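I would like the entire structure built from these sequences, with the hints used as guidance.
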Amino acid sequence: MADSLDVIRVILAGLMAGGLLIVELGLVRTIRGLAQATAIRLHVAFDHYVEWSMPPLTIATFLVGVAGLIVNGSLSGEAVALIVAGLVATAVVAAISQFINVPLNARMRKWGHGTVPPEYPGIRRRWDRAHRARTIAGQIALVCFAAALVSTRI
Amino acid sequence: MDAVWVVLVALSGILAGAAVNNAIAMVPALRTLEEMTDHDVRRAWSRVPGACVGMSAAGAGIAGVVLLAFAHQVSSGSRALLIAGIVLSIATACVGVAAILVEGAAREPILVEGAAREPILVEGAAREPILVEGAAHERRPGGGHPSAYRALQRRWDALQVLAAVFSLGMLACNVVAAGPG
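Keeping their order, the protein sequence lines are chains A and B.
So the first sequence is numbered by the numbering used here: it starts at 76 and just counts up by one.
So the second sequence is numbered by the numbering used here: it starts at 6 and just counts up by one.
Treat the hints as calculated values from the structure; they're not laboratory data.
Mixed in with the good hints there might be a few duds.
Unchecked claim - SDA-like cross-link-like pairs, simulated, lysine to any residue; straight-line CA separation at most 20 Å:
| # | chain 1 | residue 1 | chain 2 | residue 2 |
| --- | --- | --- | --- | --- |
| 1 | A | Lys-185 | A | Arg-201 |
| 2 | A | Lys-185 | B | Thr-37 |
| 3 | A | Lys-185 | A | Ala-110 |
| 4 | A | Lys-185 | B | Leu-38 |
This one's a predicted model, so the numbers in the text were calculated from it and none came from an experiment.
This is the structure we're talking about:
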């Protein structure tokens with residue numbers, strides 16, 4: 076049971092980290108090369124689908140991490156520290172998403188088709204900065220969880 | 006040895022997450038855009054399959070290093086899982102290359118110029134006329150006919166889904182191989 080939770084935690088964290096990275100490498104840079112009206116349409120369309128997958132994935136990663144700590148009483152101090160660090164990084168991903176990116180997505184969804192409001196460049200910069208921060212946090216979470224998994228082999 | 010395992014597991018996770026997010030979010034998002042915009046976005050997006058190819062190749066390489074350099078420390082079960090992971094990494098890389106080739110095939114626009122008010126026969130995959138209204142300055146991706154482009158589009162979408170499935174398999178193999186026991 077505890078072993079399965081260790082494996083599931085890393086798989087979920089990997090999906091979360093990769094999902095964030097592909098938006099940074101793909102969406103953010105693709106949008107920079109498009110006309111602003113097209114960029115807004117693509118952003119809104121992409122987020123419509125991503126908002127179905129990423130929040131549950133982030134929450135599941137956090138919950139499985141906590142469950143692993145509770146269920147597995149034989150973890151070494153090193154493994155516990157790594158899992159806690161991973162949980163903190165996952166919480167950072169969730170907080171940035173909830174308080175910055177999701178509200179900005181909601182604002183962009185309200186804009187009319189083909190409309191580019193004057194505040195768009197500022198909103199774009201804020202969204203991109205927040206996304207970069209949560210991407211870094213997501214990668215840190217994955218590395219912590221992967222290192223914790225490997226440390227249990229010793 | 007442990008550091009190599011961490012790198013392998015983390016890389017597999019990132020690749021799988023990237024491929025899955027691409028398949029479940031970008032593919033349907035592209036379907037909601039119009040043909041020309043869709044084509045332009047796919048072109049700009051082509052670095053994603055490229056990144057997936059790089060990560061798959063790196064994953065296969067690291068798993069190979071674990072197999073060869075640390076063979077005496079790896080159990081027979083882990084070895085079998087690592088080999089399966091390498092096979093799936095190579096399959097993911099091949100799918101990524103195929104997606105890049107398909108996107109390249111859709112990249113060639115046909116420029117139709119002139120004050121054409123009559124049907125123009127565009128030679129190629131589809132031998133059907135395209136009516137260009139007015140002082141046309143029209144370009145169509147994918148061999149000049151929408152149906153040809155749609156076929157490329159469907160192939161590209163299917164390849165993204167296939168890459169996601171292979172990379173998830175690779176992640177599962179590598180994580181279980183590195184896991185407890």
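Hint check:
{"no.": "1", "hint": "A:Lys-185 to A:Arg-201", "in the structure": "18 Å, holds"}
{"no.": "2", "hint": "A:Lys-185 to B:Thr-37", "in the structure": "17 Å, holds"}
{"no.": "3", "hint": "A:Lys-185 to A:Ala-110", "in the structure": "19 Å, holds"}
{"no.": "4", "hint": "A:Lys-185 to B:Leu-38", "in the structure": "18 Å, holds"}
Hint violations for this structure: none, all hints satisfied.
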